[in-house]
Amino acid sequence: MRRDSGSGGSERDEQFHAFVVSRRPRLLHTATLLTAGDVHLAEDLVQAALTKLYVAWPAFQRADNPDGYVRRVLVNALIDEKRRIWRRREQTMAVLPDVPSVTSSGAGPAGEAVRQALRELPPKMRAAVVFRYFYDLDVAATADALSCSEGNVKSQTARGLDRLRAALHQAQITFLSQGATP
Amino acid sequence: MNDLRDHFEEIAGPMHAVDSKQVEADLTRGRRALRRRRAVQAVAGSAFGVAALAAAFAVATSGGTPAVPADKGTASVASVQLVAYKGEQPKGFTVDKVPDGWFVQASEQGYLTVAPDKAKNPGPDVNPSTDPVYDKDSFADKIVIMLESKDQSGPSRAGKTVKVGDKEGVLLKSLQGVTPDGLVPPAPGGDTGSELWIKQPSGVYLIVQVWQGLGLTEAQIVELGAGVHVHKDAVQGVG
Chain A
1 MRRDSGSGGS ERDEQFHAFV VSRRPRLLHT ATLLTAGDVH LAEDLVQAAL TKLYVAWPAF
61 QRADNPDGYV RRVLVNALID EKRRIWRRRE QTMAVLPDVP SVTSSGAGPA GEAVRQALRE
121 LPPKMRAAVV FRYFYDLDVA ATADALSCSE GNVKSQTARG LDRLRAALHQ AQITFLSQGA
181 TP
Chain B
183 MNDLRDHFEE IAGPMHAVDS KQVEADLTRG RRALRRRRAV QAVAGSAFGV AALAAAFAVA
243 TSGGTPAVPA DKGTASVASV QLVAYKGEQP KGFTVDKVPD GWFVQASEQG YLTVAPDKAK
303 NPGPDVNPST DPVYDKDSFA DKIVIMLESK DQSGPSRAGK TVKVGDKEGV LLKSLQGVTP
363 DGLVPPAPGG DTGSELWIKQ PSGVYLIVQV WQGLGLTEAQ IVELGAGVHV HKDAVQGVG
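Which chain is which? The protein sequence lines are A and B, in order.
Heads up: the first sequence is residues 1 to 182, going by this note's numbering.
Heads up: the second sequence is residues 183 to 421, going by this note's numbering.
Here chain A stands alone, though its shape is the one from the complex (with noise of 0.2 Å):
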């Protein structure tokens, strides 16, 4: 148990690194949206899904749907980072330490306002309304990646389309008030 089968280490790099090469971008595109656009944390954790997929590789290769263990492990490397930054955002400073920036797409207000609304998302609710509603999963996978109910899924989905439309309304309007045409 404590060394998986073989342990050569030159199969597993050999199989990682094509894993790498051919999913490395698609994940990194993932863990954007899954990080409303944070590019810096996005790339944090798509080395720390990495990470634990080389560590854990044995029972990655095992996995019956591989695809969803990736996603469970992007998800919960999502959840550790929220974890880990409300540590330290709990912790009293005299000066505030530096948050990473988001990226500006250049987007208009609608688009600054879908991000902001999507990052202010509980980090289980921004992966249910990604994987389901940009990534067209089924209830059921959305609910694997999230290692929750399928029922949770519906409803966290729900929640967060609703503050995401009434988020884009409200940037609409101001739009519309403030002389503008769209």
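To be clear, the hints were calculated from the coordinates, so they are not data collected in a lab.
Nothing here was measured: the structure is a model prediction, and the numbers come from that model.
Incorrect hints may appear among the rest.
[Unchecked claim] Using C-beta positions, here's what the derived DEER-type ranges look like:
1. A/61 <-> B/185: 39 to 47 Å
2. B/268 <-> A/18: 49 to 57 Å
3. A/61 <-> B/206: 31 to 39 Å
4. B/369 <-> A/154: 52 to 60 Å
5. B/206 <-> A/148: 34 to 42 Å
6. A/22 <-> B/395: 41 to 49 Å
7. A/119 <-> B/269: 47 to 55 Å
8. B/349 <-> A/43: 44 to 52 Å
9. A/147 <-> B/199: 27 to 35 Å
10. B/202 <-> A/63: 25 to 33 Å
11. A/149 <-> B/261: 22 to 30 Å
12. B/263 <-> A/43: 55 to 63 Å
[Said to hold, decoys possible] Taking lysine to any residue pairs in the SDA-like style, the calculated list, with each CA pair at most 20 Å apart, reads:
13. B/203 <-> A/69
14. A/154 <-> B/186
15. B/381 <-> A/47
16. B/332 <-> A/161
17. B/332 <-> A/60
18. B/203 <-> A/23
19. B/332 <-> A/148
20. B/332 <-> B/412
21. B/203 <-> A/15
22. A/124 <-> B/187
23. B/332 <-> A/48
24. B/332 <-> A/62
25. B/332 <-> A/66
26. B/203 <-> A/21
27. A/124 <-> B/194
28. B/203 <-> A/13
29. B/332 <-> A/72
30. B/203 <-> A/58
31. A/154 <-> A/171
32. B/332 <-> A/59
33. B/332 <-> A/147
34. A/154 <-> B/187
35. B/203 <-> A/39
36. B/203 <-> A/66
37. B/203 <-> A/165
38. B/332 <-> A/154
39. B/332 <-> A/149
40. B/332 <-> A/21
Think of the CB as a built atom: it goes at the ideal place given N, C-alpha and C, for glycine as much as any other residue.
Fit chain B to the supplied structure of chain A, relying on the hints for placement.
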């Protein structure tokens, strides 16, 4: 709704090709984490993040070819007798038998350690860093009983199939230990330790890990495992 999707697309940004430096960095981080994990497992035991890295041993599993003749396993003659355990029972498990002169040293919901009585009363000159049997968070020189980690799914390789009470089990010889400083010499007789995996009705495996050089025969390890009962509140570790 399509507006939202468009905004998501914009937030996600374009997909960039991966560069070779990133891949190498990912590989390096993974290797480093694996080494760290093995070192922690070696001392603290695996799945529970108990990190007393002082005397790092890593006993590993191998391809199922015992280094010593089967059933002479860890000792050609039984140097340890199993007796009924009369002390306080651990939290997540119940044990019927322990080696004579041994006690349950650490009792957690995820694992328990059984250590020789000498660990009860360390003398003033004992240093748990160099003699980990005194360190209750260390698995070295002890018998450890635990559920497999959530990241595991049964033995990672073939071993000897054994009947453990009314359950199926797999007995594995551990590979020679590895630390960041190199290989750990096996115990006299070439013993590198043993692991008995016992499949529970839930599908999760119970593991009885016997450190190298403890002197239990394979039959005794099986007998010990047959006397372990897993309770509902026993928990699996992670990692």
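Hints numbered earlier in the text: which of these fail when held up against the supplied structure? 3, 11, 13, 15, 16, 30, 31, 36, 37, 38, 40
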